[in-house]
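Student: Below are the chains, spelled out letter by letter.
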Amino acid sequence: QDTQEKDRAIPPERAEEAKLKAKYPNLGQRPGGSDFLMKRLQKGQKYFDSGDYNMAKAKMKNKQLPSAGPDKNLVTGDHIPTPQDLPQRKSSLVTSKLAG
Amino acid sequence: FLGAGGGNDIQWCFSQVKGAVDDDVAEADIISTVEFNHSGELLATGDKGGRVVIFQQEQENKTQSHSRGEYNVYSTFQSHEPEFDYLKSLEIEEKINKIRWLPQKNAAQFLLSTNDKTIKLWKISERDKRPEGYNLKEEDGRYRDPTTVTTLRVPVFRPMDLMVEASPRRIFANAHTYHINSISINSDYETYLSADDLRINLWHLEITDRSFNIVDIKPANMEELTEVITAAEFHPNSCSTFVYSSSKGTIRLCDMRASALCDRHSKLFEEPEDPSNRSFFSEIISSISDVKFSHSGRYMMTRDYLSVKIWDLNMENRPVETYQVHEYLRSKLCSLYENDCIFDKFECCWSGSDSIVMTGSYNNFFRMFDRNTKRDITLEASRENNKPRTVLKPRKVCASGKRKKDEISVDSLDFNKKILHTAWHPKENIIAVATTNNLYIFQDKMN
Chain A
1 QDTQEKDRAI PPERAEEAKL KAKYPNLGQR PGGSDFLMKR LQKGQKYFDS
51 GDYNMAKAKM KNKQLPSAGP DKNLVTGDHI PTPQDLPQRK SSLVTSKLAG
Chain B
1 FLGAGGGNDI QWCFSQVKGA VDDDVAEADI ISTVEFNHSG ELLATGDKGG
51 RVVIFQQEQE NKTQSHSRGE YNVYSTFQSH EPEFDYLKSL EIEEKINKIR
101 WLPQKNAAQF LLSTNDKTIK LWKISERDKR PEGYNLKEED GRYRDPTTVT
151 TLRVPVFRPM DLMVEASPRR IFANAHTYHI NSISINSDYE TYLSADDLRI
201 NLWHLEITDR SFNIVDIKPA NMEELTEVIT AAEFHPNSCS TFVYSSSKGT
251 IRLCDMRASA LCDRHSKLFE EPEDPSNRSF FSEIISSISD VKFSHSGRYM
301 MTRDYLSVKI WDLNMENRPV ETYQVHEYLR SKLCSLYEND CIFDKFECCW
351 SGSDSIVMTG SYNNFFRMFD RNTKRDITLE ASRENNKPRT VLKPRKVCAS
401 GKRKKDEISV DSLDFNKKIL HTAWHPKENI IAVATTNNLY IFQDKMN
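Residue numbers (our numbering), protein chains in the order written: chain A, 1 to 100; chain B, 1 to 447.
Be aware that one or more of the hints could be misleading.
Stated by the list, open to error - Facing chain A, according to a computed beta carbon distance under 10 Å, are these residues of chain B, among others:
hint, residue
1, L121
2, S125
3, N221
4, E223
Stated by the list, open to error - In silico DSBU-like cross-links for lysine-lysine, where the CA-CA straight-line distance does not exceed 35 Å:
hint, chain 1, residue 1, chain 2, residue 2
5, A, K46, B, K120
6, A, K97, B, K387
7, B, K345, A, K39
8, B, K404, A, K19
9, B, K218, A, K23
10, B, K218, B, K345
11, A, K21, A, K39
Think of the hints as simulated: they come from the structure by calculation, not from any bench.
Each residue gets a CB set at the ideal place from its N, CA and C atoms; glycine is no exception.
Next comes chain A alone, as it looks inside the complex (with noise of 0.2 Å):
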């Protein structure tokens, strides 16, 4: 690699960093690290009220509820998640193309 370079300008990862930190004011005061961790602790976490999803399930006896908005993968905070919100989770039946 050209070493010249690094010592005359500011390291790349200096650069990056600024580049990012201009596009992204308010990134966290921390770096690196936690967000990152906590994200990563939460795989896989789905949020579901059963409450609130029984209640809309009364409702909708009654009247046609709000129907999902442009983001259908949301299902938690103001939007009532039903069964056809709920993205399928089916085991793969299909034999591995790997082995084809």
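Once you have looked at the hints, place chain B on chain A.
Tutor: Relative to the frame of chain A, chain B by itself:
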């Protein structure tokens, strides 16, 4: 670089490629692990769909001396299924994170496969004969009317077409709150460890309802969480020694004889960081994605985002060798962070003799470093290099400035084509390289 031309350099040739040709990759087909067994005769792959495919090397044909046996499908089975933990509202992927083979003790083969939560011991056995001539049953299995039986005969075994059956013999479940990233079989061949983000457990292969916790780095207050376990492995010879790596770039070696809970390490391997170089990305790119002991047990290798490091177990304060995998990415970290590639977990592996190490990169490139000659080479896993026994052409990435002919510029690299999983045959110069959904096998050109 290692290259065309004589001496002792290996000349890599394309041998085989497995998998679909089409570009539209189904998620289930994404290969998530590749592992040779102890003899190298079997090669296992696991995928995101929870399936395991095992290939077997053909017996060497004495007349075909110009190439070693090909790998053909031996067995395939569904190892894990998707699950939903209703109590925790947690979706559990069926993706196979790791496969580890047990050494062969009898006619059957055994392997451990794991997803995020459950480890399974699979027995793969061959059936090449079946009993025929029962007295009370017809050949198709229907029972005969006993009153029609007038003579007795002794059933005999007759040859049949080879059938390979996989059956789950043990299911090791409910021991991990977090996601399992590693499994490693002890050199005692009786126990094994499983590691998740915060804990490591020790199991006995015969016992499924109990496991011992040997490492726990979960802080009392989760707000204080600063690092997670990224990989763990048992020492190849010393049955009480294991290592685990962290997201902060450290490796801890632990001795199970010291105490029941190995929270205090015996050795801590860490390279001091130059504080003037510290940036937002420093910790992320220092996170170790894989740790592997050398076959000799004297060294261990770690893979972080940009490099491969070799550590001498006798020296904790710095690695003895460092190899740059794709240093040109250092000036692309901002975009690699934005597209999440900076979190890609590359694995690494040793050659059988420990003299060469290999790891993957982007654009379906993979890299090899010869520890003796200090030369390195970049090769590509691509269907365009399809001719068997034709030596693979080395690739070169142009970091900046004028791009020479046959070089590829950093901005042209395809970051969706990543080689995360590679494996090296334990005895021969045969390597298995997994692209997103294809498995490539390359061999040393034989004379």
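Student: Indicate, hint by hint, whether the structure satisfies it.
Tutor: Hints versus structure:
no.: 1; hint: L121; result: 20 Å, violated
no.: 2; hint: S125; result: 18 Å, violated
no.: 3; hint: N221; result: 12 Å, violated
no.: 4; hint: E223; result: 8 Å, holds
no.: 5; hint: A:K46 x B:K120; result: 25 Å, holds
no.: 6; hint: A:K97 x B:K387; result: 22 Å, holds
no.: 7; hint: B:K345 x A:K39; result: 16 Å, holds
no.: 8; hint: B:K404 x A:K19; result: 29 Å, holds
no.: 9; hint: B:K218 x A:K23; result: 34 Å, holds
no.: 10; hint: B:K218 x B:K345; result: 22 Å, holds
no.: 11; hint: A:K21 x A:K39; result: 20 Å, holds
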